[in-house]
Amino acid sequence: MVTAERRTRRRLAAWMLVLAIVLSAFVVRLVDIQVVRAEQLSQESEARRSIPITIHGARGDIVDARDVVLADSVFRYDITVSPRFVRDYTRTDQATGEQVTRPVAESLAALAAIVGGDATAMLAEIQSQLAVEPEDDHAYLARGVTPDVFEQVRALGVPWVYWERIPARTYPNGQIAGNLVGFLGTDGPQTGLEYRLNDCLQAADGSATYERGADGVRLPGTTVVAQDAVDGGTLHLTIDADVQWFAQQAIAEQATAIGAEWATAVVVRVGDGHIIAAADWPTVDPNNVNGTAPENLGSRVFTWPYEPGSTLKAATFAALLDSGAATLADQVIAPRRYNTIAGYQIGDAWDHGDLRYTTAGVLTNSSNTGTAVLSERLSLQQRHDYLTGFGFGTATAVDFLGEEPGYVSEVDAIDGHTAVTQMFGQGMTATSAQVASLYQALANDGVRAPLTLVTGCEHEDGTVTNLPPTEGEQVVSVSAARDVITTLENVVTQGFLSRQLTIPGYRVAAKTGTAEVSENGAYGNQRIVTVAGTAPADDPKFVVVVTYGKPDTMKTSAAAAPTFRSIMTQVLKTFRVPPSTAPAPSIPLTW
Amino acid sequence: MSAVPFTAAPRPRRVSPSQGPLEVVATRSQRRARPRAAYAIATVAGVFAILLTQLLLSIVLSEGAYTITALEAQRIELDRTAQVLTERLNVYDSAQNVAANAESLGMVVSTVSPAFLLLSNGSVQGSPTPAGAGSGVLDGRGDLVGNVLLADVPLVTPTAAGGASAATSGVPPTPLSSGSLPSASSAVPSSGALPSPVTR
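These protein sequence lines are chains A and B, in that order.
For the first sequence, the working numbering assigns the number 804 to the initial residue and increments by one for each residue that follows.
For the second sequence, the working numbering assigns the number -18 to the initial residue and increments by one for each residue that follows.
For the record, the hints were derived by calculation from the structure and aren't laboratory data.
Fair warning: there could be bad hints in the mix.
[What the hints assert, rightly or not] Below, in silico cross-link-like pairs of lysine to any residue (SDA-like), each with a Cα-Cα straight-line distance of 25 Å or less: (1) A:1344 - B:93; (2) A:1344 - B:99; (3) A:1358 - B:93; (4) A:1344 - B:104; (5) A:1344 - B:108; (6) A:1344 - A:1276; (7) A:1344 - B:106; (8) A:1344 - B:110; (9) A:1344 - B:13; (10) A:1344 - B:96.
All chains should be modelled from the sequences, with the hints used to inform the complete structure.
As structure tokens, this is what we get:
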């Protein structure tokens, strides 16, 4: 009895022990999995199922003053494939309810037909990737396809075909303001405002994950957004796309006709210095950058300083009148030749004896020798200060990508000849934008407003950054500025280009310029022709500057006059500027 | 040794089985405190009711989740459609396209003499002169401001004379939004068959 009882008890104890060991083994394993290695394991499993994806924010738009979209963010799609899952698949035919097997070749052929690729090349690519890496999970079938194409691909329903939404850029207006907007390359912004103000435009990408089953099918409802994408800000320009188009069309037409090398046209609003149009020819269509030579990708308006020639005389005469060195009625003799320093002479565009001009007459007839005589009334320092005061030698407030400051010689470095020629725009350089800024100041009663191209960057949360400076600067007195504008009306009413410059119903003040071009250290027969002016002269609203570089067939400012008039007319119409009511006053030009 | 017959000692009194056991009688308050079956049934039923409600609720919720998913998918589709249409509209809206279409319809821009008709008093400001037949901006000269996106966009009215880049005959006209861009609409047509106010 005793032994039997004891045996039973022992057996029980042994079982208990075994149980305890097994149980504690489980507990240890449990703790190990659930506590010790919990994080690592869950990460591993997560990584096996979940696929990280980048959510792309939309890059900000670039819009003109009327919210016409110049640069637009759109989404395109990369069609991708997971090579390791590429195999025949069965699906249920919706019509008959039968199981249909679709071979890989057939799927790829259907895909290739949609995206416009080569099915055999696709298959070869997939197989070569698999040969290198059997577990390969990613390969591109087509990149950057439009939403239409993407929807067709998706409709195929091939289980191993995936897609990624990628941001892309489109420029619905093509070449209109293409010179200003710039463009994006594969590595981001390349030039123009896209590059310069990338901080405003660029979006912050977000991230998310989704889960995928063992058969490679994306599980619905498993997308987890870790970080939302932030869209870029909208960049507002002062440009009016319609005026910009008109200006580009006008200069392109005339530049082709006269065989110019390049052309620019600038339209500036007098009141605030806003650039309504800054046209370049030749220029770029940002949708098709390769169609344009690299030197034409930017904007010559800002990056191409040249000797402006006689259009600069407006600054000289404003300086003369402002400093009190001359009045409009002063009697001047413009000689045939004006000697500056030994061996250097200044002459006029036409041959003449001594001409008896008033100050106004010198400016109206654009006499270089008369200008030289009058310039001597200003000290070297004064000449320098007025030129720099009008903004020459300093880049404009636009601060365009690659903008050039132009060149104005320092007082202590200038020679006796350049000290005179710079007063009629030779021996100094300026960009079209700077010339426009000069005329804006004169038309605005002597107050030079900072040239403005960007009015601000509007972010998603409503804040606006990149606000432009608005503080104007009084360069010359009100009366000096008005006297110059009044004098320049004579160029239109009495000058040799009167017919090409007159806009019926409006008083126009304009100055022509036919500048010699210095090449290899000498002035040859190449010219840069300009017409700059403002209208209506009795209450100036807009400044237009049209410039043609190195024309072949017509080397005088007569080439630029018709374009100046058509652009000015279009601007006056577009902005509904009321016509002038009184005729231009008559000023004595000779004595 | 005694004459007294042996009798069994008297046994202690026992409860006779037939009498039934004695019970501790509960007081009325104790009785009242005793749980009743009704309560138990109510509780169990309640639990089941809650479970059932929860089940139904989660069914409704998950159905809602499916609806949300479906609607979100629909929103993405509609966003995509909106993007495609906006993209197309912006291209149609470009000045090149509007100008080419306007001129193909016989409109010209007067680049010579701007004039305005004041609707307030019917007076004409400026000195209007008729625009010549050749004063259009394009006027068969071709659009010099390129836009590759317009390559496949036909003119609304295909014209033989129009030199617009977009002219493609044989393609059915694409419906266009009426171009309301100022460069086209602000031009006062000085001649033409359109019923417009006479400005001269």
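Hints, one by one, checked against the model:
1. A:1344 - B:93: 18 Å, holds
2. A:1344 - B:99: OK: residue 1344 (chain A) and residue 99 (chain B) at ~20 Å, within 25 Å.
3. A:1358 - B:93: 24 Å, holds
4. A:1344 - B:104: 23 Å, holds
5. A:1344 - B:108: With a Cα-Cα distance of about 19 Å, the restraint between residue 1344 (chain A) and residue 108 (chain B) holds, given a limit of 25 Å.
6. A:1344 - A:1276: With a Cα-Cα distance of about 18 Å, the restraint between residue 1344 (chain A) and residue 1276 (chain A) holds, given a limit of 25 Å.
7. A:1344 - B:106: 17 Å, holds
8. A:1344 - B:110: 23 Å, holds
9. A:1344 - B:13: This hinted pair is violated, its Cα atoms lying about 101 Å apart.
10. A:1344 - B:96: Holds, at roughly 17 Å.
Checked against the numbered hints given earlier, this structure breaks only hint 9.
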